[in-house]
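Q: Sequence:
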Amino acid sequence: MKPLSRRSFVKSSTVAVGAAVFANSPLCRPLGARVASDTIRIGIVGCGGRGIGALRDCLAGAPGVKIVALADLFQRQVEIVKSRLKLQDVAMFAGFDAFEKIYSVDFDLVILAGPPGFRPAHFAAAVAAGRHVFIEKPVAVDPTGCRAIIETARLAKAKGLAVVAGTHRRHDPGYVETMKRIHDGALGELVAGECYYNTSNQIWFRPKNDWIADFTDFEWQCWNWYHWGWLSGDHIVEQHIHNIDIMNWAFGGPPTKFTGMGGRQVRGQQPGDIWDHFAVEMEYPNGARVMSLCRQTPKTSMRISERVTGTRGVSDCMRTISGARPFEYAGPTPEPHVQEQTNLIASIRSGQLLNEGEQVAISTLTAIGGRIAAYTGREISWRWLVEGSKLDIFPKKPGPGPGIFTPIPIPGEVGLV
Numbered sequence: 001m002k003p004l005s006r007r008s009f010v011k012s013s014t015v016a017v018g019a020a021v022f023a024n025s026p027l028c029r030p031l032g033a034r035v036a037s038d039t040i041r042i043g044i045v046g047c048g049g050r051g052i053g054a055l056r057d058c059l060a061g062a063p064g065v066k067i068v069a070l071a072d073l074f075q076r077q078v079e080i081v082k083s084r085l086k087l088q089d090v091a092m093f094a095g096f097d098a099f100e101k102i103y104s105v106d107f108d109l110v111i112l113a114g115p116p117g118f119r120p121a122h123f124a125a126a127v128a129a130g131r132h133v134f135i136e137k138p139v140a141v142d143p144t145g146c147r148a149i150i151e152t153a154r155l156a157k158a159k160g161l162a163v164v165a166g167t168h169r170r171h172d173p174g175y176v177e178t179m180k181r182i183h184d185g186a187l188g189e190l191v192a193g194e195c196y197y198n199t200s201n202q203i204w205f206r207p208k209n210d211w212i213a214d215f216t217d218f219e220w221q222c223w224n225w226y227h228w229g230w231l232s233g234d235h236i237v238e239q240h241i242h243n244i245d246i247m248n249w250a251f252g253g254p255p256t257k258f259t260g261m262g263g264r265q266v267r268g269q270q271p272g273d274i275w276d277h278f279a280v281e282m283e284y285p286n287g288a289r290v291m292s293l294c295r296q297t298p299k300t301s302m303r304i305s306e307r308v309t310g311t312r313g314v315s316d317c318m319r320t321i322s323g324a325r326p327f328e329y330a331g332p333t334p335e336p337h338v339q340e341q342t343n344l345i346a347s348i349r350s351g352q353l354l355n356e357g358e359q360v361a362i363s364t365l366t367a368i369g370g371r372i373a374a375y376t377g378r379e380i381s382w383r384w385l386v387e388g389s390k391l392d393i394f395p396k397k398p399g400p401g402p403g404i405f406t407p408i409p410i411p412g413e414v415g416l417v
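Last residue of the sequence shown: number 417 in our numbering, and the count goes up by one each step with no gaps.
In short, the hints are calculated from the structure, not lab data. Mixed in with the good hints, there may be bad ones.
[To be verified] Here are the simulated DSS-like cross-link-like pairs (lysine-lysine), alpha carbons at most 30 Å apart as the crow flies:
1) K159 <-> K208
2) K66 <-> K82
3) K180 <-> K208
4) K157 <-> K397
5) K86 <-> K208
6) K390 <-> K208
7) K159 <-> K396
8) K86 <-> K66
9) K390 <-> K159
If you're wondering where the values come from, they're calculated on a predicted model, not measured in any experiment.
My request is simple: use the sequences and hints to build the entire structure.
A: Structure, rendered in structure tokens:
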């Protein structure tokens, strides 16, 4: 794999919103590209809540879209999606090999919405099969998986395949227009930042019941994937990536250093190894420091937001800038989950293919860096994450059988790998 220079990481995604504008322009339609009247056939790998949501967003995002294939680890989930979306003549696949079998069906675009630990293998299979991809965030749970995603994203680009990621703020016109101005110098030099995903609710948990009585421990963990770091990456990676991605976008690339802390106070005896709160300081190349805070704690105040401070002003990154060059966004406010699907389909039809694979891998790795710094209690560098870490926590051959029950991480006892 080629060295990952900072310049190659996180680029402006202004082109994402622009893709929809140019979708039907003859000047932008290369020979052989799909035209706006063509039906885009959709398959999905991962039929849980986010998968169903992504399918609905895709159907709402553009005309001429048809769902033709469903795949999930569990047959019940496939049947639920077929029923809820009232689908007819749809191919269905279940099991640990469903993510490969689905490509026996001819379709154009696959939505990858299974548990994050599976994402590198699912992405590799999709690109090997020559399909355009919507890849839900995060895209891995460890540095090894992030490197694999970057390699596959580069292969997708070489094969002429579109890749759009579930970091939907990148497709929100308010964020896009505000970020343009930040990059044009409206805030001067950025000197500090803050990002938050503090919620007042605990994440769902699925206890054993009659339906899953025959599950092996491994299957039961997959059914409760959020609660195991090797499946979800922990909530700093699975959820807080949205806000961390905005910091990378604002600063033009990832941090150089991480230090952090956190723990598990309110999950109690509930099975799982993930924490419920993190506080991470990220230092960017110009010396600016960003505070990253996230928690899942009942009966607490919520804050899900970002802010950056520069030498000439302050911005919430999404709508407003105050200071020497004030700005307030007053344009359209489409639902960003739908807009990202609109932009993806527009890019496929126009031939102006988006590829956000490397970008989302870097933001995933940034969140993982914060998690590792907190778990270990050690200051770590971006260079070590990219070049030194050998951490690889997802099993090579997932399947029914014994579970993977790792202890809750304790700083000072967890080592750097």
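Q: Hint by hint, say whether it matches the structure.
A: Structure-based check of all given hints:
A distance of roughly 44 Å separates the Cα atoms of K159 and K208; the hinted pair therefore is violated under the 30 Å criterion. The hinted pair formed by K66 and K82 meets the criterion: a straight-line CA distance of about 13 Å does not exceed 30 Å. Only pairs whose Cα atoms come within 30 Å are accepted, and K180 paired with K208 is rejected, the gap being roughly 49 Å. Distance hint between K157 and K397 is fulfilled; the C-alpha atoms sit about 27 Å from each other, no more than 30 Å.
For the suggested pair K86 and K208, the alpha carbons sit about 29 Å apart, so the restraint of at most 30 Å is met. Of the supplied pair hints, the one linking K390 and K208 is violated, its CA atoms being roughly 34 Å apart against a limit of 30 Å. Distance hint between K159 and K396 is fulfilled; the C-alpha atoms sit about 26 Å from each other, no more than 30 Å. Under the criterion of a C-alpha separation no larger than 30 Å, the hint pairing K86 with K66 is consistent with the structure, at around 12 Å.
A C-alpha spacing of about 29 Å is found between K390 and K159, which places the hinted pair at or below 30 Å, so the restraint holds.
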